[in-house]
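Protein chains: 6
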Amino acid sequence: MTSVKTNAKKQSYVWLDELSTKEAAVAANAGTVVIFPVGSVEEHGDHLPLCTDSIQPEYVAVEVAKRTGCLVAPPFRHGVCNAGRNFPGTMSIEFETLRMVARDVLAELVRNGFNRIIVLSGHAGSSHMVALRLAAQEVVKQSSPVSARKTRIMVLSDFDFAFEVKDLGFPETDGHAGAVETSRVMAIRPDLVKGKGKAGVMNVPRFEIVPDPEKYFEGGVNGDPTLASDAKGKAINAYVVEQVAKLVEELKCN
Amino acid sequence: MTSVKTNAKKQSYVWLDELSTKEAAVAANAGTVVIFPVGSVEEHGDHLPLCTDSIQPEYVAVEVAKRTGCLVAPPFRHGVCNAGRNFPGTMSIEFETLRMVARDVLAELVRNGFNRIIVLSGHAGSSHMVALRLAAQEVVKQSSPVSARKTRIMVLSDFDFAFEVKDLGFPETDGHAGAVETSRVMAIRPDLVKGKGKAGVMNVPRFEIVPDPEKYFEGGVNGDPTLASDAKGKAINAYVVEQVAKLVEELKCN
Amino acid sequence: MTSVKTNAKKQSYVWLDELSTKEAAVAANAGTVVIFPVGSVEEHGDHLPLCTDSIQPEYVAVEVAKRTGCLVAPPFRHGVCNAGRNFPGTMSIEFETLRMVARDVLAELVRNGFNRIIVLSGHAGSSHMVALRLAAQEVVKQSSPVSARKTRIMVLSDFDFAFEVKDLGFPETDGHAGAVETSRVMAIRPDLVKGKGKAGVMNVPRFEIVPDPEKYFEGGVNGDPTLASDAKGKAINAYVVEQVAKLVEELKCN
Amino acid sequence: MTSVKTNAKKQSYVWLDELSTKEAAVAANAGTVVIFPVGSVEEHGDHLPLCTDSIQPEYVAVEVAKRTGCLVAPPFRHGVCNAGRNFPGTMSIEFETLRMVARDVLAELVRNGFNRIIVLSGHAGSSHMVALRLAAQEVVKQSSPVSARKTRIMVLSDFDFAFEVKDLGFPETDGHAGAVETSRVMAIRPDLVKGKGKAGVMNVPRFEIVPDPEKYFEGGVNGDPTLASDAKGKAINAYVVEQVAKLVEELKCN
Amino acid sequence: MTSVKTNAKKQSYVWLDELSTKEAAVAANAGTVVIFPVGSVEEHGDHLPLCTDSIQPEYVAVEVAKRTGCLVAPPFRHGVCNAGRNFPGTMSIEFETLRMVARDVLAELVRNGFNRIIVLSGHAGSSHMVALRLAAQEVVKQSSPVSARKTRIMVLSDFDFAFEVKDLGFPETDGHAGAVETSRVMAIRPDLVKGKGKAGVMNVPRFEIVPDPEKYFEGGVNGDPTLASDAKGKAINAYVVEQVAKLVEELKCN
Amino acid sequence: MTSVKTNAKKQSYVWLDELSTKEAAVAANAGTVVIFPVGSVEEHGDHLPLCTDSIQPEYVAVEVAKRTGCLVAPPFRHGVCNAGRNFPGTMSIEFETLRMVARDVLAELVRNGFNRIIVLSGHAGSSHMVALRLAAQEVVKQSSPVSARKTRIMVLSDFDFAFEVKDLGFPETDGHAGAVETSRVMAIRPDLVKGKGKAGVMNVPRFEIVPDPEKYFEGGVNGDPTLASDAKGKAINAYVVEQVAKLVEELKCN
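Chains as they are written, first to last, in this note's numbering: chain A, 750 to 1003; chain B, 750 to 1003; chain C, 750 to 1003; chain D, 750 to 1003; chain E, 750 to 1003; chain F, 750 to 1003.
Check each hint, because a few of them may be wrong.
Same chains, same label: a pair holds when it works inside one copy or across any pair of copies.
In the PhoX-like style, the derived pairs of lysine-lysine whose C-alpha atoms are separated by at most 25 Å in a straight line are [what the hints assert, rightly or not]: (1) Lys915 with Lys890; (2) Lys771 with Lys947; (3) Lys947 with Lys899; (4) Lys964 with Lys899; (5) Lys1001 with Lys964; (6) Lys915 with Lys964; (7) Lys771 with Lys964; (8) Lys945 with Lys890; (9) Lys899 with Lys1001; (10) Lys771 with Lys945; (11) Lys890 with Lys983; (12) Lys995 with Lys964; (13) Lys899 with Lys983; (14) Lys964 with Lys890; (15) Lys815 with Lys945.
No wet-lab data here; the hints were simulated from the structure.
Please read all numbers here as calculations on a predicted model, not as lab measurements.
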């Protein structure tokens, strides 16, 4: 097996589970980085689909894979939702369930030799992200002594990068289902954008744990989706892809 | 809201999470049946991809949705694997993890008013199926007293139907990655079939719980994939779609 | 300590917990195989006792022990029941409870040096058997690296053998509390057979997870108990004993 | 159904799981008290069998059932052991496992209408007893609002009564595998008494949680078994039976 | 009982568990708000004690209680630590442990009628805060239907307010064991401040989950403690007390 | 670092979490014993505060620390209550919660090198003590193979010593909130003693697990608090301090 052939194989697939068992062994031996996209089924206003948080990181992961030769694990399209959890259509899984799924997926990737991994979440709620981080922490801790090559896992939301793009004319407070998300979905799946949307604001209490956050979140939008455009979405997506690609390169290095 | 408009809306989407929050409310109110596809990331010989168990039920679910107006929930592409669990590329999650994911997904569907559900698994291992059934049992039990309309959940593997198709010239013992599965994948995703495959047999001990089942399962194929054909796959798939569509119609009735 | 004396000791007891601590140490050192019988407390028609699934494997285990010199661990007479779970008298434990009991019993046997074990269940429901298999899998996996002598565990239902006996004039569909079970109990504990029973059929839906399976299982009998006889029961039991004894001999070998 | 016929039925069986489903319904409707015997598999010196803690409460339960018409549930012959846990032959299950078994058994008895129960344990370690009490507490708490007739559960060790018998010439400090236990086993199963035993004392530290309690418990006997006699055992057993029978009568009353 | 007497009683104690059972009943009936302080045992540079995160919220809680008549529950001085978890002296408990402690404490307060609660944490790590919020969410959800008076729980870190004080001449990046924390401890427990401390910066990777965060956090200080002063600490503490007191008043209202 | 300097440092603090990270490292290296006080929030009659079980072991721990140079870990002031659990003000946590807190605290102490520990509980209920002992057992078992110096943990209630003091004129049956406890609190925190109290007796059934133990425990006092005196409390406390100090010295030795 030469590294040239290996590279050739790696480039022909983007999705890890489209490989055969032997192709997976080759990819793992070649040190291929894997991106694990995590999304949610969550209300995103009247204009965006429930899968808004899923299609953004999946788009980014596929583009990064095309560019860097990394692989994309089968996405997990469920998350722990908070403010939007009582809107119709939102499916919020238990904290512990997300943690166990992420732990099992990461542990099995590492067991297979894929020990350079990026967990890329389109949903960025704090409980959701903590579940992913605790899972990664457990796997990193357990795999430290056993692997010859150090296990390295990164956990991030693609919002961490998306909101770094400035000069788009969006207000600072833009958030859930706002101008950034609407622009990105317009660029990724325009067929799923159902009208222009309506500006709104999330007034969920700062400290109180309320059983009915939707009362403080009329319309389920935090920001002004009418400022969105396909072009802005493409610019944001390009930036996010570029940044995640850099992380992949960093994980390849040592 | 008239039922005509509702039907129109329902027919425009196949995937549940492509709906907006309001569209989801409409679909739930209309009593729309939901199919939840479950797969695995598992060795399927040298000729089939790791996602073999995922793409079969997803194909069936989408075809059934087109025909019946039901919706398809985001698939879960991980399973509890047994005989193939130590082959490269197989990612086997914990029994309890699968049970919790299925329970949360079903409970959230029911909470949203989608209380007629088919869990359609492409993987058919006994642990895997029991995890799904226990999850369904818990949700059925808990929702009985609260819902106005009775919650009804079916759990099946599409193998339950696929192996009912006779007169294909396949041996009785055909199984994992054999002629039936190979034919079906040839019909669904021919680009993922990597050669003709090689006949094999699974000799895992009948009763002993061995730590190394792969030693008794050389090649990871149980059956003769060389007997497969695209045409046979289409025939099998058509039969499975027809049978699952009947189940959807049954769930619609009362 | 000579092996002759060891054999002599082993033959004097059938039940593991009738040994003293020192006798247990001797038996473990001699590599004695242990059978762990598992039953249920479950409806078996009007003619058979709730302990029907318990007394069959216990009878087999004792007979095999007399013949092979293996030992029988204290039975666990509870199971995970499904179709019969709402009939009066059925006591169905949680899946997780059965799994933990089986895991603890197996782990403690192995810790004591009894690392060749047969889990012999009289109840054969799929959830029940999966709980036992997962427990065995966990113990086999964990004990692999530590024991000098390889841990080997088999998990089976005595139905796996009972229904292999042919030429008894029983219909193919015979099952729960039917002719086979009735015959076997007639041969083991005739005093517990309360009349001839009544033929019935289990019509529990193939795929739907119903909260009230008893509605589809009038009489709680699947088969025709009136075809049963003591002589047929003896023949079946003899066959099952012979087959399980072969498994014990196989476990003794290496 | 008249109460006379009910009584007749009840008296014909001692073991609950020897009833058929219909007989169980009758017994439950008649308010029959159930005793659930719990034992252990534990070292008891060189002269007593591992099942010493199991056969004592089972003997008592059967005798009480014969006298009072109560029923005996299938025994659970495993316990949480402490000082003797590292001796050969001892099988100690996890605290949580015992708690779950007891909870499931009690909850299923109550669900079946048997809501007057005595948990009678032959093992009396504090962890073991607490597991049983927590299980009973959970079931009592949950069943309070639902049952028409109040659920009442008692949890005790038969040692609570056995050591109340005085004037036997046994020292105050008699305990594990000592004169009382040896006498009782001599009276119940003389064939399992392997010699006279040897006096010993348990010097396990008062407060320290040691990993090797057997080092402080040479011989595994706390007391002087040579003082035991069959006649003394009969006297103790008779007293325990009488006391437990009184508890059954108390539970019958209201 | 008049409300005047009740008020009088309330004012005489600050700590909830210094009340007798009857006094607790009176306080609960009067609708008294309770603050539950949570801290950590965590490295805070060479100049601050491990209890830094505990004494800050406890100080605030006591001062608020004196001013508003609320009560302070016994503090829990352990937390889920991340960046500092491998420094000597840090004791980091499991996420699930913190969640269960907080859930039990909150549920027991509510069961006692204290259903207006502020969880005030001195540690502000995201895992730690999520554990507290999930606990509160569970209790709020479960108590909603049962209490006559609505259960209201707030969860916050006192950092949420401490870093709102401006014009102190501290850099924006001040954080763990920096100028704010050092000033506050100087004002609360000057005897526990061990020297001036040394400026440092936390360079833990933005996304990677590293097993050895201490390598990126030399000195365990994020900020410049040499800028701290007792006077600044007093000003910060006064502000935090004032803000938390406002929250108590808000909880009293309806 | 000389042992003289180490001793000097150790003597300046009593509470472990008042040390800085470096001071903690020094104390751990010096083999310093740690006392972990555990209490409860529980009804103690009308005359004693809810924190009665907390302040006794904390007082003892601090006095022992002053005398022996050991350290005191942050107390945990919650327990598993039984007979008093439904009185106003009692906060009883789940068995599993106490077990997890104790396990985490002990495991983290051991990880930090503090592997000689006394868990000193002011509450002495059997469930409560078993939770603490199981936690200690788990930590002792897991740390055995890894630590160079043997981990030693003791678990006790200070009642184990308090009731050894004789000649105080207290009846043998003195118990919860009785003369011993009242005397001790009078000596420790006289400001929290609210009157002389009233004699009472705990008549909770010997074996039955009742949902309403308070019905058998009018007044919540078991004994006669009117016999208490400050002087007797001082005598008892002095004896308990002396005994616990001996245990510390024993743990220091090897």
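Here is how each hint holds up against the structure:
1. Taking CA atoms no more than 25 Å apart as the test, lysine 915 paired with lysine 890 passes in neither setting, with 37 Å inside one copy and 40 Å between copies.
2. Taking the shortest alpha-carbon separations for lysine 771 and lysine 947, only the inter-copy value of 14 Å comes in at or below 25 Å, while the best intra-copy value is 50 Å.
3. Taking CA atoms no more than 25 Å apart as the test, lysine 947 paired with lysine 899 passes in neither setting, with 48 Å inside one copy and 33 Å between copies.
4. Taking CA atoms no more than 25 Å apart as the test, lysine 964 paired with lysine 899 passes between copies only; the shortest distance there is 16 Å, against 47 Å inside one copy.
5. Proximity of lysine 1001 and lysine 964 under a CA criterion of 25 Å is satisfied inter-copy only: 21 Å between copies versus 47 Å inside one chain copy.
6. Taking the closest pair of Cα atoms, lysine 915 and lysine 964 never come within 25 Å of each other, the shortest separation being 31 Å inside a single copy and 33 Å across copies.
7. Taking CA atoms no more than 25 Å apart as the test, lysine 771 paired with lysine 964 passes between copies only; the shortest distance there is 16 Å, against 53 Å inside one copy.
8. Within a single copy, lysine 945 and lysine 890 get their C-alpha atoms no closer than 46 Å, and across copies no closer than 35 Å, so neither meets the 25 Å cut-off.
9. In this assembly of identical chains, lysine 899 and lysine 1001 lie within 25 Å of each other by CA distance solely inside one copy; the values are 12 Å within and 40 Å between copies.
10. Proximity of lysine 771 and lysine 945 under a CA criterion of 25 Å is satisfied inter-copy only: 15 Å between copies versus 47 Å inside one chain copy.
11. For the homomeric pair lysine 890 and lysine 983, neither the shortest alpha-carbon distance inside one copy (38 Å) nor that between copies (41 Å) is at most 25 Å.
12. Taking CA atoms no more than 25 Å apart as the test, lysine 995 paired with lysine 964 passes between copies only; the shortest distance there is 23 Å, against 41 Å inside one copy.
13. Taking the shortest Cα distances, lysine 899 and lysine 983 never come within 25 Å of each other, neither inside one copy (35 Å) nor across copies (46 Å).
14. With identical chains, the CA atoms of lysine 964 and lysine 890 are at most 25 Å apart between copies only, with a shortest distance of 15 Å across copies and 41 Å within one.
15. For a Cα distance limit of 25 Å, the shortest separation of lysine 815 from lysine 945 qualifies neither inside one copy, at 31 Å, nor across copies, at 28 Å.
When held up to the earlier numbered hints, the structure conflicts with 1, 3, 6, 8, 11, 13, 15 and fits the remainder.
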